[in-house]
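Trainee: Take a look at the letters that make up each chain.
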Amino acid sequence: MVPPALLAVAFLVLPLAGLLANVPWTDISAQLRTPDVRNALYLSLICPIGATLLSIALGVPLAWLLARGRFPGRGLVRGLVTLPMVLPPVVGGVALLYAFGRGGLVGRWGYREFGISLPYTTFGVMVASAFVSMPFLILTVEAGIVQTGVRFEEAAETLGAGRLMVLRRITLPMLSPSLMAGATLCWARALGELGATLTFAGNLSGTTQTTPLAVFIALQTKPQDAVVLSLVLFVVSLAVLLVLRGRRMVGHQ
Amino acid sequence: MTVRGILRRSAPLLASGSALALVLTACGSSGGSDGAEASTAPSTSPAMAAPSAMASMGGHGMSMPAASAAPGSIIVLAPGTLATALPLVDKAFLKAHPESPVSPNFGHSPAQVIQLQQGSPGDAFLAVGVESMTQAKNAGLLAGDPTVFAHNRLEIVVPAGNSKKITSLADLGKPGVTTILGDESTPVGLYAKQALAKAGVTVKPASKEEGSPSVVQRVVTGNADAGIAFATDLKGNSKVTGIDIPDAEQMPAAYSAAVLKGAKHADAAREFVSFLTTPSVQNQLRQLGFLIP
Chain P
731 MVPPALLAVA FLVLPLAGLL ANVPWTDISA QLRTPDVRNA LYLSLICPIG
781 ATLLSIALGV PLAWLLARGR FPGRGLVRGL VTLPMVLPPV VGGVALLYAF
831 GRGGLVGRWG YREFGISLPY TTFGVMVASA FVSMPFLILT VEAGIVQTGV
881 RFEEAAETLG AGRLMVLRRI TLPMLSPSLM AGATLCWARA LGELGATLTF
931 AGNLSGTTQT TPLAVFIALQ TKPQDAVVLS LVLFVVSLAV LLVLRGRRMV
981 GHQ
Chain E
457 MTVRGILRRS APLLASGSAL ALVLTACGSS GGSDGAEAST APSTSPAMAA
507 PSAMASMGGH GMSMPAASAA PGSIIVLAPG TLATALPLVD KAFLKAHPES
557 PVSPNFGHSP AQVIQLQQGS PGDAFLAVGV ESMTQAKNAG LLAGDPTVFA
607 HNRLEIVVPA GNSKKITSLA DLGKPGVTTI LGDESTPVGL YAKQALAKAG
657 VTVKPASKEE GSPSVVQRVV TGNADAGIAF ATDLKGNSKV TGIDIPDAEQ
707 MPAAYSAAVL KGAKHADAAR EFVSFLTTPS VQNQLRQLGF LIP
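Top line first, the protein sequences correspond to chains P and E.
When you line the first sequence up against the working numbering, it's residues 731 to 983, in that order.
When you line the second sequence up against the working numbering, it's residues 457 to 749, in that order.
These are computed hints drawn from the structure, not numbers from a lab.
Wrong hints could be hidden among the right ones.
To be verified - Think about it this way: if two alpha-carbon atoms lie no more than 30 Å apart in a straight line, the pair counts; the simulated DSSO-like pairs of lysine-lysine are: (1) E:Lys593 with E:Lys630; (2) E:Lys654 with E:Lys593; (3) P:Lys952 with E:Lys551; (4) P:Lys952 with E:Lys654; (5) P:Lys952 with E:Lys695; (6) E:Lys621 with P:Lys952.
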């Protein structure tokens, strides 16, 4: 058991060590201050948050229906909405173009009637990210709802609590851990999003070029810039893990 | 329940990369009662959320060194604009040299120079633009001088019908025209930038794509009014029309080939490079829209 386990650790940690070994530590602050890098970091701050909010707004009601609803084809719906998790993100981007692009099924109408066009906009980045990350939220929240069951809600109702009271005092508090976990997974997936964003929203510094896109483009000709940006993503991911760990400890005790 | 509890139950499935199993699980519960399969996941693996974000990076259009080439095959590094032409050339080459199959590896020429510098294997290097080939030469990667075997021209690509009535580079700078360029890290972006500078036109692109085919694709899917791409990437595509950019405003991109110093099959690679300038190959390239010197 131990040798393969050690191999697994080495396998997962060595690439990160390789990254760290190649960081140009002396120029790092100058590189982080270039406009392109700052734009990318800013977009990587707001776009995953936007995607997560979008996922919460649409995904939580769906998770609720999947967990509690009794309707035909529920399993099919669950399978379909989780498909973006296995779909190559690039394919997701193309699919988004054919749905919400200017010539797309819905996008055509929106563009003609209202002049709305999602590609090449920051909101388009959020949409592309939400497409690939929402399933993580839906499945996590659904599992949470299923697990909490209806016992407490029923108990509250028998004790005379109104529907609003039950929602506020029982349902939402019991939902919040799974919502937190789901939102975190969703955010993390959105942070790393590359393929769907590049294909659907495009690549322009300041508007659609998030950090992963900047890394991808920089890799072609400026590997050093790519390393610096990767380091930032690495540090942010690590920080999120540590924060989560802290929360879990608190929750456990 | 706690965040820990939820993560412990759901994250092993979500973060372990077995997304397929998860979807199957999700589908499988259609006949079940409560879809609680997700909660039966083993709780031994640590709940880690962020790696899924890291794992999703990359994997789009990046070319990896062709390490898995068949023994004896020539590894040819080539730009993406040759993706249609090269397989045809390879087929003809294989007929003449059955012992030397060609294993092409497509990517951006500037990126391939960097990959070669970092020790990627390769027998022959085919580059678009003199810059990358010069860079490879200066880095001491080449065995011998490069041979120019074709040229490519830039064209303005517009949707068939040209709804915005675009006739010249100057039209790309007009308000209301959604224009797509290549990123400057790619040959098509670099050449387009030079052409726009020569024409004295300032364009605010809606997106800077990672290659000439992607620029064309934006117009094909109806998401752009115009773009600047290599002529060979829109030839034969009925959904788009090419508009000429005069010689005064552009420099045709030269395609050159050279044998690499680190070649494992130097003789076969040399054969391949000279094969590119034989009349039959030149004719084939001309039919695909390349300019022949």
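Trainee: Look at each hint and say if it fits the structure.
Mentor: Do the hints match the structure? See the list:
At roughly 41 Å between alpha-carbon atoms, lysine 593 (chain E) and lysine 630 (chain E) are farther apart than 30 Å, so this suggested pair is violated. Taking the CA atoms of lysine 654 (chain E) and lysine 593 (chain E), the gap is near 28 Å; set against the 30 Å cutoff, the hint holds. With a CA separation close to 40 Å, the supplied pair lysine 952 (chain P) and lysine 551 (chain E) exceeds the 30 Å bound. For the hint linking lysine 952 (chain P) to lysine 654 (chain E), the alpha-carbon distance of about 26 Å falls within 30 Å, and the restraint holds.
Proposed proximity of lysine 952 (chain P) and lysine 695 (chain E) is contradicted: the alpha carbons are some 35 Å apart, above 30 Å. For the given pair, lysine 621 (chain E) sits about 38 Å from lysine 952 (chain P) by alpha-carbon distance, which is inconsistent with the 30 Å threshold.
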